[in-house]
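4 protein chains.
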Amino acid sequence: MKPTVILDPHFRILELLFHPEELAHLHSFAEVIWERNEPMPAEELAKHREDVEVILSGSWRHGEVADFPRLKAFLELGGGFPSPDSFDYETAFARGIRVLSCAWAFGPAVAEMGLAMALASARLLVETDREVRVGKANWSHTELGDPFLLFDKPVGFIGFGGLARSLKPLLAPFRCPISVYDPWLTDSYLATQGVTPVDLDTLLTTSRVIFVLAVPTQSNQALLGREKLELIRSDAVFVLLSRSHVVDFDALTEMVLAERFRAAIDVYPEEPLPLEHPIYKASRAILSTHRAGAHSEAYRTIGQQAVRDTEAIVHGLVPQEMQIAQPEFIRLRG
Amino acid sequence: MKPTVILDPHFRILELLFHPEELAHLHSFAEVIWERNEPMPAEELAKHREDVEVILSGSWRHGEVADFPRLKAFLELGGGFPSPDSFDYETAFARGIRVLSCAWAFGPAVAEMGLAMALASARLLVETDREVRVGKANWSHTELGDPFLLFDKPVGFIGFGGLARSLKPLLAPFRCPISVYDPWLTDSYLATQGVTPVDLDTLLTTSRVIFVLAVPTQSNQALLGREKLELIRSDAVFVLLSRSHVVDFDALTEMVLAERFRAAIDVYPEEPLPLEHPIYKASRAILSTHRAGAHSEAYRTIGQQAVRDTEAIVHGLVPQEMQIAQPEFIRLRG
Amino acid sequence: MKPTVILDPHFRILELLFHPEELAHLHSFAEVIWERNEPMPAEELAKHREDVEVILSGSWRHGEVADFPRLKAFLELGGGFPSPDSFDYETAFARGIRVLSCAWAFGPAVAEMGLAMALASARLLVETDREVRVGKANWSHTELGDPFLLFDKPVGFIGFGGLARSLKPLLAPFRCPISVYDPWLTDSYLATQGVTPVDLDTLLTTSRVIFVLAVPTQSNQALLGREKLELIRSDAVFVLLSRSHVVDFDALTEMVLAERFRAAIDVYPEEPLPLEHPIYKASRAILSTHRAGAHSEAYRTIGQQAVRDTEAIVHGLVPQEMQIAQPEFIRLRG
Amino acid sequence: MKPTVILDPHFRILELLFHPEELAHLHSFAEVIWERNEPMPAEELAKHREDVEVILSGSWRHGEVADFPRLKAFLELGGGFPSPDSFDYETAFARGIRVLSCAWAFGPAVAEMGLAMALASARLLVETDREVRVGKANWSHTELGDPFLLFDKPVGFIGFGGLARSLKPLLAPFRCPISVYDPWLTDSYLATQGVTPVDLDTLLTTSRVIFVLAVPTQSNQALLGREKLELIRSDAVFVLLSRSHVVDFDALTEMVLAERFRAAIDVYPEEPLPLEHPIYKASRAILSTHRAGAHSEAYRTIGQQAVRDTEAIVHGLVPQEMQIAQPEFIRLRG
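Protein chains in written order, with this note's numbering: chain B, 1 to 334; chain L, 1 to 334; chain Y, 1 to 334; chain P, 1 to 334.
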């Protein structure tokens with residue numbers, strides 16, 4: 001008899017995550033329950049409580065972990081581990097229930113956007129396009145202003161998790177020395193990864209491109225306050241990719257408007273950002289609409305990884321692709 | 001006694017090409033003549049005609065090659081080999097005089113801009129920035145329209161010279177299969193380079209990103225006429241990097257305005273392009289101002305390579321860095 | 001107050017694992033107990049039972065896991081996870097105690113030896129050295145016999161764990177397509193790693209170089225019996241690196257003596273292997289003395305990784321370097 | 001009408017160089033003359049003197065270059081450019097006749113052998129195999145003697161031509177810093193290649209593995225005399241790959257017998273080396289029989305490159321694969 005797997009993707013959309021061949025593969029080794037875009041009703045869930053081995057869902061809204069006697073794994077399809085308020089990690093860890101997040105599936109798409117933004121900002125691509133259309137661009141080859149090549153420039157990563165690991169190989173052909181600030185990793189480990197561990201102030205004062213890649217946590221809210229932002233070089237590009245939570249966005253807005261440095265921004269304190277927000281006037285910013293990761297190819301990766309890890313789990317193998325909730329990580333994040 | 005070297009950089013600017021340490025190195029092994037930004041006057045040149053071993057100059061305006069009995073090399077600092085109308089290649093080749101071009105020094109800067117344009121166009125970076133500032137951007141995560149990731153997409157190179165060789169490693173982390181059309185290289189050789197030789201029609205119909213990287217020649221003028229451009233996929237990005245000479249620019253303009261495909265353009269039939277040109281209205285184009293290569297870091301590379309190759313030449317060694325004029329190449333280019 | 005860490009390296013030797021600077025770093029953040037080459041006596045251990053947070057040891061001989069109320073991690077320094085007979089994994093997993101193995105530290109040294117053996121065998125390096133000294137070698141350039149180049153040859157990995165992951169990058173410049181047999185990983189995952197998942201018979205019949213890299217388990221004992229070994233190509237090289245447990249060594253010996261294929265062997269059913277063993281007569285074998293991993297540089301890596309992971313653990317961070325005991329893996333291994 | 005190409009491979013063997021498909025491709029664009037293993041007789045050659053555009057041959061024995069009015073190229077298939085005594089380079093250069101050597105085709109095979117020798121010597125592979133068969137090997141894991149891992153060790157290249165460029169990528173996964181001594185290249189150029197230019201003494205005193213990769217020239221005969229060899233570290237491996245011409249072989253023999261350092265040797269002052277030569281007694285040497293490059297796969301590469309470059313030449317394109325005789329190089333080599 002095949003193991004029971006609940007597939008309850010809401011708020012994600014089944015068809016965006018799973019191509020038909022992926023679902024066929026899932027059905028080949030599992031009894032798949034629900035498989036619809038509406039959230040699974042409680043009474044439906046109750047029918048399978050005793051049997052279910054794996055739950056895949058856009059979020060955990062399935063009650064007490066302790067109520068699932070055969071549960072081996074919860075695979076979240078939303079983009080981040082559930083909060084300890086909604087999910088009982090202690091029970092899960094004590095019982096060896098795997099909690100997996102799809103967050104890493106967004107890595108390549110976000111990293112690509114990060115490189116795109118860094119290059120476009122360094123080379124003044126957006127600004128030039130804007131100016132040339134109104135007759136203001138500089139065609140001269142000698143007054144070069146401040147564009148710069150990415151080759152060999154010092155780069156700083158704030159956070160060295162999944163996004164950073166996707167971004168690092170894209171930068172490799174540019175030979176940029178990479179400094180990293182990540183309080184969740186030891187300096188000695190970072191040194192083994194071909195990056196230089198530094199404190200935050202050093203990173204901000206030395207980097208030519210600063211990538212904000214940190215997962216939002218209780219302790220990093222507004223980590224980059226006004227005082228920190230003041231440390232950034234005037235010839236630097238500040239790329240805000242992971243979450244605006246990490247930044248004092250008002251201070252950032254003021255400084256970019258004052259042309260203290262250039263910025264490329266994909267995430268905001270409020271989304272959509274109201275049209276009256278002053279950042280929209282910043283000519284030295286590249287503004288995107290939280291679309292670094294939100295791409296059908298990333299969604300497809302989520303589906304593929306979720307099916308492959310489900311396959312591993314129901315066969316008693318170690319899941320290899322999605323991010324595994326490490327107890328230390330969950331505690332640190334808070 | 002040190003060998004005589006004429007340094008007559010006009011129309012390039014001495015200080016942009018050569019940093020002081022580079023000049024000091026040059027002086028350490030050569031008697032350097034002229035070294036000013038004004039073109040060297042004929043009477044000044046005449047004084048050194050008998051002795052000069054190497055001439056470095058922004059262009060060849062130095063008369064008959066045959067008049068320099070000890071000339072070993074001409075290093076052009078402008079960006080392309082002199083025309084056979086102005087430079088006597090036959091004498092140079094027969095006498096073993098090296099003719100070197102600085103064109104390859106622009107490779108990394110142009111390649112970086114090419115990647116920046118491809119990524120910005122694929123991910124709708126410029127369009128989104130433009131639209132979000134007027135409240136028209138799409139913030140939804142599910143109606144994704146047509147942006148695409150570069151990862152694994154088929155890419156086509158029109159021309160496989162210096163630019164292509166600088167661009168290829170930048171694309172490597174994206175794992176794009178690369179098709180090449182280059183009539184100056186045999187298919188069997190291209191196959192050894194990790195690219196797929198194809199005819200032009202195949203390249204245009206299959207590539208998701210098309211990079212125009214060809215050197216302008218007599219035979220490739222308007223190679224990409226309207227009929228060829230019609231072959232391009234509607235979901236493709238057309239990146240015009242090397243010279244507009246290769247394209248029917250009117251046809252390209254019409255098609256981009258009609259949103260037949262997206263384009264990113266750095267070079268134009270006329271520069272600056274007059275403000276009334278219709279391409280300025282194309283919302284699906286990224287427009288730059290012939291600045292892919294024109295960067296101080298590229299100029300600096302020219303100076304470094306020119307000094308190192310001069311050093312090799314005056315010591316009887318093979319020059320290793322600038323592009324060597326190959327007789328076959330000069331004949332083909334016409 | 002610093003956390004208590006027991007360092008009881010026996011049967012490893014303290015000085016081989018830890019350079020003074022490593023120990024100094026350990027002392028900087030931990031109260032280090034014992035730190036001697038003799039095994040820690042039970043009465044000494046008893047004194048620290050209540051306090052100890054991390055135990056580093058050559059093997060687990062420390063009694064019941066349940067008796068250590070504050071234990072956060074056991075780092076084994078011997079080369080493989082303890083047997084479930086000696087270590088209570090259930091309690092460790094339920095309490096979130098990390099069990100880490102140093103096995104991966106041997107990866108680079110073993111992988112290097114594997115490449116050395118494969119190249120030496122493919123190019124007949126040992127055989128030629130042996131023959132040339134007695135006047136029997138072939139100096140002719142045209143009767144080339146059966147040496148082969150590794151470039152582009154199909155390679156098979158039996159096992160895709162730590163050793164395989166260290167070996168794969170060393171093979172990269174040779175462009176070998178790699179087939180993998182590993183029943184603990186899903187095919188779909190292996191396909192994402194740039195290798196081709198195959199069944200064992202396919203691997204044996206198609207590979208030009210076969211690397212045995214599997215961890216010994218209850219289920220893979222003599223996996224490569226006579227019948228399987230018969231499938232190997234006559235022009236193949238069989239490299240036995242991880243453990244002889246996986247092979248019917250008598251059958252292997254017979255076949256190598258009969259020159260059915262070539263072999264390079266580092267591990268034996270008995271070590272030292274008695275001098276009367278027939279494999280010593282095999283001229284087509286390269287014989288080593290279980291020294292692929294046993295190198296001071298690997299020992300030093302163990303010490304470095306153990307200190308860095310201890311540092312992470314006592315600070316509540318995720319350990320990043322040593323191999324983490326995954327419950328599924330421990331169950332599979334048996 | 002197809003261009004006339006003479007294929008006169010002696011002393012190479014037609015069938016070893018050219019697979020049938022290669023010959024078919026050659027015939028598709030050329031009128032191929034001779035194509036036999038015996039040297040082409042003078043009277044046969046005379047018949048084609050007026051027409052021949054390309055000559056491919058194991059050596060130049062075809063008289064005066066000036067006697068071939070339509071000759072565009074001579075492709076040598078032996079392994080090195082002809083001596084100026086036998087070939088009139090001045091006429092060839094003045095007329096723009098391409099002189100191409102197949103030497104680079106041996107690069108991958110020789111580089112692979114070089115890596116095999118370095119690894120086998122560093123890890124004591126040959127010595128251990130020899131000793132274990134007579135009961136003398138060390139099975140202990142703690143008395144490790146002097147084997148070393150290649151990872152991160154300083155490596156020296158004597159010569160940075162074709163062999164060096166094939167060897168460098170094979171060493172890349174081992175992260176060895178590479179020092180180079182090559183008087184034919186400027187220091188400033190070498191620095192651009194990711195290697196460190198050094199003088200010969202520095203190279204010898206600092207490198208853990210020394211690769212002799214230099215082409216024999218008039219000026220480098222016995223470059224490595226006794227005094228230079230004395231500079232080598234006692235824990236170094238000396239790999240003699242290109243030609244023994246570069247070394248005082250008697251001094252080398254004495255020092256290796258005295259166990260001053262280890263060596264791996266593929267080339268000798270006399271080949272086959274007489275059996276009474278003392279080097280045969282050196283237990284710390286790995287001895288090979290000039291077979292680093294002499295492999296059917298290298299011969300096949302010669303044929304492929306020769307056909308592809310012939311194709312380029314008869315079509316007026318620049319040949320891209322074989323080594324082009326540079327006038328400076330020919331003069332330096334003497």
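Just to be clear, a hint being listed does not mean it is correct.
[Claimed, not checked] For lysine to aspartate or glutamate, the following DMTMM-like pairs were computed, each having C-alpha atoms within a straight-line distance of at most 25 angstroms:
| hint | chain 1 | residue 1 | chain 2 | residue 2 |
| --- | --- | --- | --- | --- |
| 1 | B | K136 | L | E254 |
| 2 | B | K2 | Y | E31 |
| 3 | B | K2 | Y | D146 |
| 4 | L | K281 | B | D187 |
| 5 | P | K136 | P | E35 |
[Claimed, not checked] Cβ pair distances, simulated, as ranges:
| hint | chain 1 | residue 1 | chain 2 | residue 2 | range |
| --- | --- | --- | --- | --- | --- |
| 6 | L | P169 | B | R233 | 26 to 34 angstroms |
| 7 | Y | S86 | B | R70 | 25 to 33 angstroms |
| 8 | Y | P169 | P | E271 | 35 to 43 angstroms |
It is worth saying that the hints were derived from the structure and are not from the lab.
A quick note: this is a predicted structure, and the numbers were derived from the prediction, not measured.
A virtual CB, placed ideally from N, CA and C, is assigned to each residue, including glycine.
Hints broken by the structure, by number, lowest first? Violated hints (numbers, rising): 2, 3, 4 and 5; every other hint is consistent with the structure.
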